[in-house]
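Each chain, written out:
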Amino acid sequence: MATETVKRKTDIGPPHYEKFLPPIIKKNYGKWKHHEIVKPGVLMHVAESGDKLFSVRAATPRLASTKTLRLFADLADKFSGGHLRYTSRNNVEFLVTDEKQIEPLIARLKTEGYPVGGTGPSITNIVHTQGWVHCHSAASDASGVVKSVMDELFPHFEKMDLPAKLRIAFACCLNMCGAVHCSDISILGLHRRPPKVNHAALPKMCEIPTTVASCPTGAIRPKTVDGKQTVEIIEEQCMYCANCFTVCPAITLADAENDGCSIWVGGKVSNARHEPMFSKLAIPFLPNNPPRWPEVVAAVKNIVEVYAKNARKYERMGEWIERIGWPRFFRLADIPFTKFHIDDFKHAGEYYRRSAHIKHMPEA
Amino acid sequence: MADKKRSTPKLDELEKGPWPSFVKEMKQAAEKSATAADALGILERSYNDKIGHWKHGGIVGVKGYGGGVIGRYNDIPQDFPDVAEFHTVRVNQPAGWFYTSDALRKLCDIWERHGSGLTNMHGSTGDIVFLGTKTPELEPIFSELTEAGFDLGGSGSDMRTPSCCCGMARCEWACYDTMGLTYDLTMHYQDELHRPAFPYKFKIKAAGCPNDCVASVARADLSIIGTWRDNIQMNKDAVAACATGGKVDIGKDVVAKCPSKCMDWDGKNLSIDNGNCVRCMHCINVMPKALAPGKDRGATILVGSKAPIIEGALLSAVMVPFLKLEAPYSDLKELIGAMWELWGEHGKNRERIGEFIQRVGLGNFLEQIGLEPVPEMVTQPRTNPYIFYDVKK
Ligand code: SF4
Ligand code: SF4
Ligand code: SF4
Ligand code: SF4
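Residue numbers (the numbering used here), protein chains in the order written: chain A, 1 to 364; chain B, 1 to 393.
If you're looking for bench data, these hints aren't it; they were derived computationally from the structure. For clarity, every value in this text was computed on a predicted model and none was experimentally measured. Worth double-checking, as some hints may not be accurate.
[To be verified] Listed below are the simulated EDC-like cross-link pairs for lysine to aspartate or glutamate, each with C-alpha atoms no more than 20 Å apart in a straight line:
#1 B:24 to A:112
#2 A:7 to B:137
#3 A:7 to B:191
#4 B:24 to A:295
#5 A:67 to B:109
#6 A:9 to B:192
#7 B:63 to A:11
#8 A:19 to B:249
#9 A:78 to A:103
#10 A:309 to B:253
#11 B:106 to A:48
#12 B:289 to B:331
#13 B:289 to A:48
#14 A:7 to B:139
#15 B:10 to A:48
#16 A:313 to A:18
#17 A:67 to B:31
#18 B:268 to B:253
#19 B:333 to A:74
#20 A:9 to B:249
#21 A:19 to B:102
#22 B:289 to A:51
#23 B:106 to A:275
#24 A:9 to B:137
#25 B:32 to B:49
#26 A:165 to B:249
#27 B:261 to A:295
#28 A:78 to B:102
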């Protein structure tokens, strides 16, 4: 039998989502009436037709083996008619129509190590980036920090015991693949030393004008070393942004002792009540201390606890801090305020207080 | 392959504790794949050295595409030869991230045949991420994917894979069909998705309502956020039930938290001054049975959010306060086309559209793409009196 050459297909796009929707969704598409959280991790959506859909939400580590995906597929076959979806925060949701399946599914997920929760006023999965698992730019690992932090905050995933939802995000460098800059708490890996230039490799690997142009602060200029065209970095002008490294691999930034994490607070993306806002700097630097990053874990836990104790119902981290003011936040959380907290880049000056509106506190 | 065990005492620590462990996942994959085993080994090395061991590599990909694959190599290949190449394949996810068990298994089959068996469900942009394979596997992966009805997502300076919330599939608050729109745009712009030709990346995210479950306002160059123009729908009986239900204190939890101070509650009647409502969703979120978005629905179109690289982080800014979003979405496509043309021609290398708008000025940008300025686009008019008048006009 002659083998037929199959025509190579391109630009077919993703499969149409309709192929993967459960019948209850096809039937009630655009005709949902209301929903409620039945218990932590279980949503019930009720359609105008009276149909009820239960979504059982379980945590996944984002970095998942195919073995686990197959397990989820098997669980979906057993409990939810073969239907499941993922959330934007890397949770998996089983789309259950038979109410009796909910408890056995939850129990099974728990035994397999994928606990159910993350709905309502809780802490759900931390969105995060690649870290040392895969990225060239990482100033910290992502998965390890996230695992360590979530192990500690785990009770807040399973219970809905916070004033409002609390979103945590992690990015391992200022590229911020996860755009973590608008989270209640962001953990952000950063470099703190100017990059080193490999003068032998640079001429072969990089275009000099592109490299020079890549620097937002103009810290890079052309230089001749051993008769070869390369670049030098004016160290005082460098803010360790890694932009040069992204265009020129012969420039490296990783530094075992000086790389680490910073903590930012009070951002949000939803429009509910307060407009979306950026996270602001709480802690400029904490060391990389694998495998469990105890300093980062303790710092995040402290901020969560101070928030949980002091914020009012429905108040997100940023709304709470706005109400009490930043001086009070730093005092309550017992975090030192330093010169690094004051912006000196593009937005410098925008946040200087230019009034006498100060919530004075009696001498401690 | 399975005998290729390496000692990973540091990572083993991360198998403990209640949160799902990525180390357990990596070990599962390592049982079948030498690539995954070496990935585990090199990660342990990073945990000891406190630096990463990956280099960004040359351009790899599949024939005819400029995006979808991220080349990755390590800097100690002599120690970890099976991850000397460790490329990532981005697979365009189905809109809303819905799967059948069969579809998931099909993806697993392909990835176990040709890669490490490690995945991200999903990457930051929304793609299914296959983590770790070698150059010769790329074409086979691609042809098996397309055979199974899947295609690659974006990377580099192209339109990145659009993504969205589950919208009308499950959410009563969806003000337009997020999944329908996302699928439509993805199909319409296949060329822009697969063949990078922009100054830099361009991300699209579609959220069905102002709750913005996909963080579009912070994570997309084009943020499409559902909203409505008419009055919030109110079910008086449900309001009364809410008032006596004991779970919600309408005065304290709803009215006092309304950012526009446009609600009134006298203990019996709830009234809303809809003309002053900013459509924030708070009252609807708290009283989902009593309140709902209006019936005249569409979306606010915002442009330009991005992470700090290069000129600092931005949130998206309002470009069209309200747009009806109905298939075939011609006005939206016209707007996208006009923006791409201007930015494509005048944007600098690696300049996101948000930065471009900051550089040329929103007023000039609007003029160039043919949009009228309206006060909804700003929080206030300028205070700075140095105005560039059009002296030539
Ligand atoms: S945030 Fe930076 S280090 Fe982390 S995955 Fe993205 S580019 Fe890589
Ligand atoms: S790290 Fe950033 S600031 Fe420093 S030299 Fe490179 S591009 Fe310039
Ligand atoms: S963004 Fe709005 S419509 Fe979409 S899932 Fe979230 S709440 Fe529902
Ligand atoms: S949607 Fe927001 S602004 Fe409008 S009435 Fe409700 S709480 Fe007030």
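Which of the numbered hints are not met once you compare them with the structure shown? The structure breaks hints 4, 8, 11, 12, 15, 16, 19, 20, 23, 25, 27; every other hint is satisfied.
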